[in-house]
Amino acid sequence: MTDPVGGAPGKVSPAPSAVAPAAPAMIEVDNLTKDFGLTRAVDRLSFTVGEGEILGFLGPNGAGKTTTMRILTCYTPATSGHARVGGFDIVKQSFQVRRILGYLPENAPLYPDMIVRAYLNFMAEVKGYPGRQRRAIVDEVIEECGLQAVVKRIVRNLSKGYRQRLGLAQALLGNPKVLVLDEPTVGLDPKQIAEIRELIRSMAGRRTVILSTHILPEVSMTCQKVIIINNGRIEAQGTPESLISTVGGANVIFATVQGPAGAIQELLRKVDGVTRVHEERAIAADIRAWRLEAAPGKDPRAAIGEAVVKAGHALLELRSSGLSLEDIFLRVISGQSGQREVA
Amino acid sequence: MLNFWPVYKREVKTYFQSPSTYVVLALFFLIVSLIYQDLMTVFSSLSASAGQQSMFGQTNQAPNVTDFVIRQTFQILTSLVMFTIPMLSMRLVAEEKNRGTFELLVTCPLGDWAILMGKYLALVTVGLVIVILSGVYPLIAWWMGRANGAAPEWPIVVSCWIALLLIFSAYSAFGVMASSFTENQISAGIVTLIGLILWNVLGVFQMEKYPKVREILTEFSAGEHTENFIRGVLMLKDFAFYILASFLFLFIASKTLDARRWRI
Ligand SMILES: Nc1ncnc2c1ncn2[C@@H]1O[C@H](COP(=O)(O)OP(=O)(O)OP(=O)(O)O)[C@@H](O)[C@H]1O
Ligand SMILES: [Mg+2]
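Heads up: the sequence lines are chains A and B, in that order. Here the first sequence is numbered in this note's numbering, starting from 1 and rising by one per residue. Here the second sequence is numbered in this note's numbering, starting from 1 and rising by one per residue.
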């Protein structure tokens, strides 16, 4: 695995042609807006993705993720605003943009009546790779996506997981600089999800990737940068960690304690650094799981342990939930925190 | 610009690997053959009776193979092509849109034209196969008539078969266009069939009050420009008519695909 380049917009992408100005970012989106009749699917979106960065696009259904991706892949133009991919304007230089871009549309569309290898070969041909190169290019993605076992199968008979991988393989043909993946892990079983995520994560530093998802752990596991989008607007953006520390604020701690509920609640509330105490569930008559929130930047676990033991109760479990992106997400999309810029 | 080639190749393969193509072709040739057989039966009895009549000194002419068999077979072929095209063309773009592979194709460095051209030419290739296979009918006529020296006029056969291919191409372009209107294959097929029928009957309306209108409609109707070919006359304007019609339909198709850029 390559070492992730932690948001390295300092690295200048090689200017692919004389017309394209040297761009510090691989993808620059400026005030992108898309209307469908009266619905505004994408609302003044602006962001940049550095070369080799993996950006997660997080949002609920209908947030505008697919629409944004379709604009960036030159499938449909924006109503207003501009975007550049690899330094090329997506409207005026759409052909060059499509040349450096691999795209996995939502639901991984495929030709069901083709053989896997023939399909990849066809896509490589469509992408303009001449016969001599094609074999090597196709072999490369078969290898990378672990498709060796199914190369001779008909696409129709592939399992959902293999279809998704085949879609990804197609996007990877010719090693494009930029990858746009719309919900790459949807409909897969946990093992396959883990595999695809690992594959995407391994691209960090080598390729610029935008992926969309509504699954939260996905972005914290695979992305260096997250954009939370809702109703077409960016609600928050930054690294997963910075989002948690700034938007989320609270550090969430789970504690399981044996003892009288009322006394324990009082006790926990008084611990220095704890801002909220919430009874999660009763495990047994006198055992309860508690969910505590701590002030930003504080870890009151030691104090909690000490206080509980001192009061003579049994501390059965104490753990920090680490990042609760879930909380942030819900909070952000339900409009509690409003627009935040964290980076 | 040969970038239609991959799409073309894939479509040709799809046609010749799909059973439905063979069902359509089999049906086509079954119907033509049945009518052709009737035609030949009537033709031989007519020529036999003409032969007898001439023995009695009457001036009744024997029916001519080219007139009676070749031209009528040509008419049958062109009208059946009208019903065959929708079945072959309906899926071309509609299926691609419906499956989402259209999004895949157009986000590749490939123009809409390359996609449409590839599909259109693949269908024309099927047309070429049909035209070549139906060359068997003039050959049969020649074989049956070789005893009494009634061979078809080959130049007319050739010009008719050129017209058949031209008509097939123009209808194909229409089919590709209708298929690009929708993601529903069945609607695409129905629109194609209705469109082709209308295009053919344009010249039928009498329009006695407006002879000028009638003239124009006739000029633009699908069948009108086969008249010269049937007589064995190759005219540039007839070629131009079918080729320009093909381009017009493909142009409309490309504008339709482009519509996602402003509508959807
Ligand atoms: N072709 C279209 N015509 C009309 N409205 C559309 C079209 N495509 C998308 N929309 C609307 O734009 C909004 C954003 O849709 P989009 O598909 O981008 O959401 P999404 O974030 O991808 O959602 P999901 O998670 O369900 O895939 C939605 O309100 C949707 O109804
Ligand atoms: Mg979507």
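It should be emphasised that the hints constitute simulated quantities derived from the structure, not laboratory data. Don't take every hint at face value.
Some but not every residue of chain A turned toward chain B, in silico, with C-beta under 10 angstroms [stated by the list, open to error]:
id	residue
1	101
2	112
3	114
4	128
5	252
6	254
7	280
With beta-carbon atoms standing in for the labels, derived distance ranges [stated by the list, open to error]:
id	chain 1	residue 1	chain 2	residue 2	range
8	A	80	B	18	18 to 28 angstroms
9	A	154	B	255	51 to 61 angstroms
10	B	16	A	152	18 to 28 angstroms
11	A	140	B	233	19 to 29 angstroms
12	A	33	B	209	17 to 27 angstroms
13	A	152	B	30	33 to 43 angstroms
14	B	100	A	214	42 to 52 angstroms
15	B	17	A	128	54 to 64 angstroms
16	B	17	A	187	43 to 53 angstroms
17	A	136	B	17	43 to 53 angstroms
Every residue, glycine too, gets a C-beta built ideally from N, C-alpha and C.
These are the hints, each one checked on the structure:
no. : hint                              : result
1   : 101                               : holds, 7 angstroms
2   : 112                               : holds, 8 angstroms
3   : 114                               : holds, 8 angstroms
4   : 128                               : holds, 6 angstroms
5   : 252                               : violated, 40 angstroms
6   : 254                               : violated, 42 angstroms
7   : 280                               : violated, 43 angstroms
8   : A:80 / B:18: 18 to 28 angstroms   : violated, 44 angstroms
9   : A:154 / B:255: 51 to 61 angstroms : violated, 35 angstroms
10  : B:16 / A:152: 18 to 28 angstroms  : holds, 20 angstroms
11  : A:140 / B:233: 19 to 29 angstroms : violated, 58 angstroms
12  : A:33 / B:209: 17 to 27 angstroms  : violated, 54 angstroms
13  : A:152 / B:30: 33 to 43 angstroms  : holds, 36 angstroms
14  : B:100 / A:214: 42 to 52 angstroms : violated, 19 angstroms
15  : B:17 / A:128: 54 to 64 angstroms  : violated, 25 angstroms
16  : B:17 / A:187: 43 to 53 angstroms  : violated, 29 angstroms
17  : A:136 / B:17: 43 to 53 angstroms  : violated, 27 angstroms
Checked against the numbered hints given earlier, the structure breaks hints 5, 6, 7, 8, 9, 11, 12, 14, 15, 16 and 17 and satisfies all the rest.
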